[in-house]
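Student: Residue numbers (our numbering), protein chains in the order written: chain A, 258 to 603; chain B, 258 to 603; chain C, 258 to 603; chain D, 258 to 603.
Hints are not guaranteed to be accurate.
One copy or two, either will do: identical chains are not told apart, so a pair holds if it fits within one copy or between any two.
List of simulated lysine to aspartate or glutamate pairs, EDC-like, C-alpha gap at most 20 angstroms [said to hold, decoys possible]:
#, residue 1, residue 2
1, K587, D260
2, K376, D573
3, K481, E385
4, K424, E589
5, K481, D299
6, K424, E441
7, K587, E283
8, K424, E380
9, K558, E271
10, K481, D442
11, K561, D597
12, K376, D572
13, K422, D482
14, K481, E441
15, K561, E283
16, K303, D340
17, K561, E385
18, K422, E370
19, K558, D590
20, K376, E415
21, K376, E441
FYI, nobody ran anything at the bench for these hints, they're computed from the structure.
Number of protein chains: 4
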Amino acid sequence: MIDFRNDYSQGAHESVMAALLAHSGEQNRGYGMDEHCGRAADVIRKLCDCPGAAVHFLPGGTQANLTVIAAILCPHQGVLCSDSAHIFTHETGAIEATGHKALFLPGYDGRLEAEDVEKYVTEHYASETFEHMPQPGMVEIANATELGTVYTLRQLTELSRVCRKHKLPLYLDGARLGYALAAEDSDLTFEKVAELADVFTIGGTKQGALYGEALVIVDPALQKDFRYHIKQRGGLLSKGFLMGIQFEALMTDDLYLRLSRHADRLALRFRDALRAQGVPFLVNSSTNQQFPIFPNTVLEKIGKDYGFEFTQRTDDDHAAVRFCFSWGTKEEDVTGLIEDIARFTA
Amino acid sequence: MIDFRNDYSQGAHESVMAALLAHSGEQNRGYGMDEHCGRAADVIRKLCDCPGAAVHFLPGGTQANLTVIAAILCPHQGVLCSDSAHIFTHETGAIEATGHKALFLPGYDGRLEAEDVEKYVTEHYASETFEHMPQPGMVEIANATELGTVYTLRQLTELSRVCRKHKLPLYLDGARLGYALAAEDSDLTFEKVAELADVFTIGGTKQGALYGEALVIVDPALQKDFRYHIKQRGGLLSKGFLMGIQFEALMTDDLYLRLSRHADRLALRFRDALRAQGVPFLVNSSTNQQFPIFPNTVLEKIGKDYGFEFTQRTDDDHAAVRFCFSWGTKEEDVTGLIEDIARFTA
Amino acid sequence: MIDFRNDYSQGAHESVMAALLAHSGEQNRGYGMDEHCGRAADVIRKLCDCPGAAVHFLPGGTQANLTVIAAILCPHQGVLCSDSAHIFTHETGAIEATGHKALFLPGYDGRLEAEDVEKYVTEHYASETFEHMPQPGMVEIANATELGTVYTLRQLTELSRVCRKHKLPLYLDGARLGYALAAEDSDLTFEKVAELADVFTIGGTKQGALYGEALVIVDPALQKDFRYHIKQRGGLLSKGFLMGIQFEALMTDDLYLRLSRHADRLALRFRDALRAQGVPFLVNSSTNQQFPIFPNTVLEKIGKDYGFEFTQRTDDDHAAVRFCFSWGTKEEDVTGLIEDIARFTA
Amino acid sequence: MIDFRNDYSQGAHESVMAALLAHSGEQNRGYGMDEHCGRAADVIRKLCDCPGAAVHFLPGGTQANLTVIAAILCPHQGVLCSDSAHIFTHETGAIEATGHKALFLPGYDGRLEAEDVEKYVTEHYASETFEHMPQPGMVEIANATELGTVYTLRQLTELSRVCRKHKLPLYLDGARLGYALAAEDSDLTFEKVAELADVFTIGGTKQGALYGEALVIVDPALQKDFRYHIKQRGGLLSKGFLMGIQFEALMTDDLYLRLSRHADRLALRFRDALRAQGVPFLVNSSTNQQFPIFPNTVLEKIGKDYGFEFTQRTDDDHAAVRFCFSWGTKEEDVTGLIEDIARFTA
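Same shape as in the complex, but just chain A (with noise of 0.2 angstroms):
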């Protein structure tokens, strides 16, 4: 059984593991306040072009989400983000527990569109009852979204301006974010990131670490007493020096994109393949994560050697399922799962 499941199987790159091997013996300064920590914050705001910002690590997605959303907005106010949003689907209520309320708005192939967040915006206060209503306070997008597609420079200008208008700061969730900024058809870069979003994380756990989000504060003004917020979530680990060696490794020579590009390469190879043999797909992804569309009994075939997720039926016969790869795929794997469905499909 080959497992394409998620991105998320296996440990981390020989990198990173010959990095914490290198430094295990070594004595450091506990909950972040370490220099490793300290360097791979330096490299981040030099990637990122923005030597202002604040980098914290943190131990996962949903901490982060819930510890970012949670410091940023009043408790009259919620969040505002796409109807496919994991915050909104997928986090077991961890933003609502934390107090606040995920506005959706019609995501477009997991994407938030600018015009949705402007008209939200003019409609509650247009309201006779806005008070009665929760307060948009802060827009949240991932980059690459939950269904593999990504922003363009464009959207992502369009969005900020908006959110910047209106006082609302942009969080983007990069789980996936190098995958996104990888991908062929993407415009972004780190910097660009940096100068739009007003926090957003560089995942570490999906994309070459055994774990840890890294967390990037551009505006100021949300940077204060961060570190607060980070321990009263549980996010502050007492080993917070074990996520910095990890992301020093992950943006030395560039490895970080490296292993992004490797992922998304043998995904537009599987992509494409499929494609070429007339497999529909739910949507059209250039990153890390595929999401073909089958005939049931071909999925019951394909699942008995591989592994994959299961994602909406599209029909009475028919599923859209999830094919992730990874920095650790590999490719004769690839070539054999693209071989074995042209057999099942044919």
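Using the hints, position chains B, C and D against chain A.
Tutor: Just chains B, C and D now, with coordinates in the frame of chain A:
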């Protein structure tokens, strides 16, 4: 500079690192549904002679505390704890952030006494306005305590009896459980802890792992739906299997307690040597944390070569400080430390 | 200007005021432990044929909703409601502020359907990642609904059956329960509501009282410790006896339903007259809230002499608006309103 | 049985009832947007010589406290208060239920001292692990305190100075503000309170109204979006105008302070008579709450004819109890009480 400031300054024991490396390329199910977590849980259940326990793995201690306490309590309930409890003093109000008041009782060298719990509960219900005060809903203790002291079997039995009499779940924070069980004056065992507490943790982070706390839920009523709670609070790591791998390693060949014994032994060498030199201690600790009291002038000298943590001023000229010993502490460093202190205090 | 904008624009019915005056100098126990609350609760229990019900009095509807829902749900659970539910749309995220997600289902003229609840619950547990989504923990409906429609005995019976099958407490927000029960097309009674719902309110504020909602907790399991919850959320008024006095008055000589019948009758006079004039309605309401659709030009004319509330634009030239009728609405004002509208639409 | 147990056992002063009756048929805007609230707010602003203050009306004291404190604090912050503060002891953890820790300091006869606030803040930031503790985010006091004592102008000025130095908003719970300002030893005025506190309440419930607390927000930064907060916490009553009507009446012709003076005068008659009889008191209160200490045997006798509240046991044979005086207390009842006590203690 040799650091005795805490027990989380180094990575993981070599056996733990070896296990992580050995399984690095392997594909595992996500979110703790993998075989490593399954096996680690089995070992822990056996160790605790508690086949019905639910075992989960969470990344950190504050995370575990807040998830457990918020899952157990009803909204109108608070958690009884000692006034030196970590949840009361050093988690940035994490418990309150989940909506619950930490109700403190006096700590006796960090320990809670059954009699005080009994009295609190009795007086609560005896009050005419009891509904105007948070209802005591559970009891939290730590073993070892924040001051390095341990509960005896008799003390824990008595606490457990009072808790069960009043239907208060008893949660034991075992971030340093190994150091407690390995202490020369401890007559507790994993089995006894599992028999007397309703929920407890077996700390990994401070006891040989990179990160991770095993959460053991003994009481079946408290096991229900627990994975929802972990997810909601941000503790359900996608690569949960990495904690399974680490705990498998720690629980193999008694490694966990062997490492604890090593640290405790060095701590007692330090304690006894200093006592022989006439150095007073803040409390009588038998575990890996020691709190000697020194003149400020001596502390200045020690501080040039050794890291320690300030605990509290005891008078204008003296302060109690913390020296920690861990699985990674070297015999020769302790020897050197003792000799240097002898010189400074001579 | 005669105001039909809402059903809370006037003080209290004269019988309620008379009762308050009559008892004004009397000394009563605080926090609802007085004889008036006791007697009002007894009358309500008798009216509902539910001798085991717990009855409390809270100052407002949002207060009642958030207190009940937060008391019932576990942290990882959400409340199922219709997409037009007041708790979903118009309480500034009050439910989320207590930590819980409002999980919405389609509303059919404001009503929730049993079948949709069944489907939601079934699909939740059928999902592989169900623990990553809030668990459905209870169901909330309102009768009358926000759109003035009512549940039939058959509909409520079916909802109750599905809720009990899945152990989901059913909470009925009865801010306008009198108007619902008094409706010509309603076959529900207080007894039936108490039989089919697990918790419900009998609204006072909009139905003849100065303020106050009676909260009836039928399910003994949900009664436990409830006064703690009311106190914690700020709803335990020290002068609770004033609500007892008001509800005693409202429940004497069928006053409550008599006032409701008065309002419903005037609402139907209005509805039927407008229908006869060819005016369309947003929904078919049989209670005190009516939602006619008018051309904007007509609304402008009506607005000069009458107060009403904007509900929604139905097309570029038309809008649905709300006219409310209450215990205090005068027959002659309705006559005048109907005649004036006839003139404007002629 | 004549009840001195509390100051909320009776309805409202006749002028308040008359005003409610006079406006009973009148139609008003909902949710406090009416003319009565507007006028009452204007009067209060004038009384406080604070034209820029925002004034809201909330139904109860706990409601006001939790709404204000939750609106002001950031998630990682706690509220500094005295260890006898109502929010710390008698609101069922209402503050914690909004996510914030109540950080207590010693109370001196119920009062907080500026010096202790200064020390707490200084020590917080001096700690190496300050981010592991809730940040002090505001200060709460009550005037009169829970023990009936009052702040002097000097004391409040000093507290205010320390709060402003550390940018901590100062909230004064004025549930019994009238009784405090009317006290013979008080040199505070509404103007001074408004000058020195950033937010405060003027209690109605215990001072002549049926229900309602006026919330005065002096600091413009804290005024923003406040109606959202009131709505979210359940305190935005649809018939808010009823509180406007009541406060209009209370603020007319100095009624509010006249009623307070009446109660304080009777309380001091009681206090001075008992002192003359040699009865000791728990604290030296100059307001409407008095805490004499009696032998248990005497309390038993008094309790046959008079209601009072148990406060605390002072030794095995004695207890301090509370006698409250209010706008509704009759001169002759106090005379009788004093005479009866003289007999019992003779």
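Student: With reference to the structure, classify each hint as holding or not holding.
Tutor: Hints, verified against the model:
1. With identical chains, the CA atoms of K587 and D260 are at most 20 angstroms apart within one copy only, with a shortest distance of 11 angstroms there and 43 angstroms across copies.
2. Only between protomers do K376 and D573 lie at most 20 angstroms apart by alpha-carbon distance; the minimum there is 17 angstroms, versus 36 angstroms within a single protomer.
3. Only between protomers do K481 and E385 lie at most 20 angstroms apart by alpha-carbon distance; the minimum there is 17 angstroms, versus 34 angstroms within a single protomer.
4. With identical chains, the CA atoms of K424 and E589 are never at most 20 angstroms apart, being 49 angstroms at best within one copy and 50 angstroms at best between copies.
5. In the homo-oligomer, the alpha carbons of K481 and D299 lie at most 20 angstroms apart inside one protomer (18 angstroms), although the nearest pairing across protomers, at 37 angstroms, exceeds that limit.
6. Taking the shortest alpha-carbon separations for K424 and E441, neither the intra-copy value of 32 angstroms nor the inter-copy value of 50 angstroms comes in at or below 20 angstroms.
7. In the homo-oligomer, the alpha carbons of K587 and E283 lie at most 20 angstroms apart only across protomers (12 angstroms), although the nearest pairing inside one protomer, at 34 angstroms, exceeds that limit.
8. Proximity of K424 and E380 under a CA criterion of 20 angstroms is satisfied intra-copy only: 16 angstroms inside one chain copy versus 35 angstroms between copies.
9. Neither within a single protomer nor between protomers do K558 and E271 lie at most 20 angstroms apart by alpha-carbon distance, with minima of 33 angstroms and 43 angstroms respectively.
10. In this homomeric assembly, K481 and D442 never come within 20 angstroms of each other (Cα to Cα): the closest approach is 36 angstroms inside a single copy and 43 angstroms across copies.
11. Only within a single protomer do K561 and D597 lie at most 20 angstroms apart by alpha-carbon distance; the minimum there is 11 angstroms, versus 66 angstroms between protomers.
12. With identical chains, the CA atoms of K376 and D572 are at most 20 angstroms apart between copies only, with a shortest distance of 17 angstroms across copies and 33 angstroms within one.
13. With identical chains, the CA atoms of K422 and D482 are at most 20 angstroms apart between copies only, with a shortest distance of 19 angstroms across copies and 25 angstroms within one.
14. Within a single copy, K481 and E441 get their C-alpha atoms no closer than 37 angstroms, and across copies no closer than 46 angstroms, so neither meets the 20 angstroms cut-off.
15. Taking the shortest Cα distances, K561 and E283 sit within 20 angstroms of each other only across copies (19 angstroms), while inside one copy they are farther apart (46 angstroms).
16. Taking CA atoms no more than 20 angstroms apart as the test, K303 paired with D340 passes in neither setting, with 34 angstroms inside one copy and 45 angstroms between copies.
17. Taking CA atoms no more than 20 angstroms apart as the test, K561 paired with E385 passes between copies only; the shortest distance there is 18 angstroms, against 58 angstroms inside one copy.
18. Taking CA atoms no more than 20 angstroms apart as the test, K422 paired with E370 passes inside one copy only; the shortest distance there is 15 angstroms, against 41 angstroms between copies.
19. In this homomeric assembly, K558 and D590 come within 20 angstroms of each other (Cα to Cα) only inside a single copy, at 16 angstroms, whereas the closest approach across copies is 61 angstroms.
20. When the C-alpha separation of K376 and E415 is checked against a cutoff of 20 angstroms, the pair qualifies only within one copy, where the shortest distance is 14 angstroms, while the shortest distance between copies is 39 angstroms.
21. Proximity of K376 and E441 under a CA criterion of 20 angstroms is satisfied in neither setting, with 31 angstroms inside one chain copy and 41 angstroms between copies.
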